[in-house]
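Protein chains in written order, with our numbering: chain A, 19 to 132; chain B, 2 to 112.
If you are wondering where the hints come from, they were derived from the structure by calculation, not from laboratory data. Just so it is clear, the structure is predicted and the values come from calculations on it, not from any experiment. Fair warning: there could be bad hints in the mix.
Said to hold, decoys possible - Using C-beta positions, here's what the derived DEER-type ranges look like:
hint	chain 1	residue 1	chain 2	residue 2	range
1	A	VAL70	B	GLY59	25 to 31 Å
2	B	GLN79	A	PRO101	28 to 34 Å
3	A	SER85	B	SER96	44 to 50 Å
4	A	LEU59	B	TYR40	19 to 25 Å
5	A	LYS35	B	THR69	48 to 54 Å
6	A	LYS35	B	ILE107	42 to 48 Å
7	B	GLN46	A	LEU59	16 to 22 Å
8	B	HIS51	A	ARG90	26 to 32 Å
9	A	GLU97	B	GLN79	32 to 38 Å
10	A	PRO79	B	LYS74	45 to 51 Å
11	A	PRO79	B	ILE52	26 to 32 Å
12	A	PRO125	B	GLY59	35 to 41 Å
13	B	GLN46	A	ARG90	36 to 42 Å
Claimed, not checked - For lysine-lysine, the following DSS-like pairs were computed, each having C-alpha atoms within a straight-line distance of at most 27 Å:
hint	chain 1	residue 1	chain 2	residue 2
14	B	LYS99	B	LYS16
15	B	LYS10	B	LYS58
16	A	LYS87	B	LYS58
17	B	LYS10	A	LYS89
18	B	LYS10	A	LYS83
19	A	LYS36	A	LYS89
20	A	LYS75	B	LYS58
Glycine residues also receive a C-beta, built at the ideal position from the N, C-alpha and C atoms.
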Amino acid sequence: EAQVTQNPRYLITVTGKKLTVTCSQNMNHEYMSWYRQDPGLGLRQIYYSMNVEVTDKGDVPEGYKVSRKEKRNFPLILESPSPNQTSLYFCASSFFAGDRDEQFFGPGTRLTVL
Amino acid sequence: AQRVTQPEKLLSVFKGAPVELKCNYSYSGSPELFWYVQYSRQRLQLLLRHISRESIKGFTADLNKGETSFHLKKPFAQEEDSAMYYCALRAGGTSYGKLTFGQGTILTVHP
């Protein structure tokens, strides 16, 4: 089944404790992206990747890191999480362009930083 | 900088009534615009894109460059249309991968 998976789905952590949220897709998509969803602010893009080893900042990259060493995986790293990073995080992937550029979203990861 | 504004957080209509979800954008180049929808307990999914000029589930959206708008319309709302709707803009040029979403509008269609 074609899908985007994220792990963990729920995470409660404490300020400063490094964490990684994994994202994996099995559709051979070139493009992958991370978003956070907050009430009243909608979805905001954190980072995106056009292909392996190619990443770029979205609108809210501060406090986050990403890497794209393989086409299928795009982990989101919080080196020193803070309470303002408490949010619902979505990963998405798509083909690069044209009429196949529909983004497929993961189920979301709910992160709480205490 | 690109920006997407959805002025209505909440929108309520009755079944069979017309519905319009507003989306305004700010972008200096030639935008690509999308509507995404999230039904209850489902993942966010693409509803339609302006390039395709298609009608999905009875919804249409026309890009109005003069008014910088991309409003989503449906002539007769159904209860199953109740969902969160996001308007999104994709940049061009060297920032092609950058996607900006609006704040979202929760549509409720009453029986």
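>> Hint by hint, where does the structure go against what was stated? Just the numbers, ascending.
In response: 1, 2, 3, 5, 6, 9, 10, 12, 13, 14, 16, 17, 18 and 20
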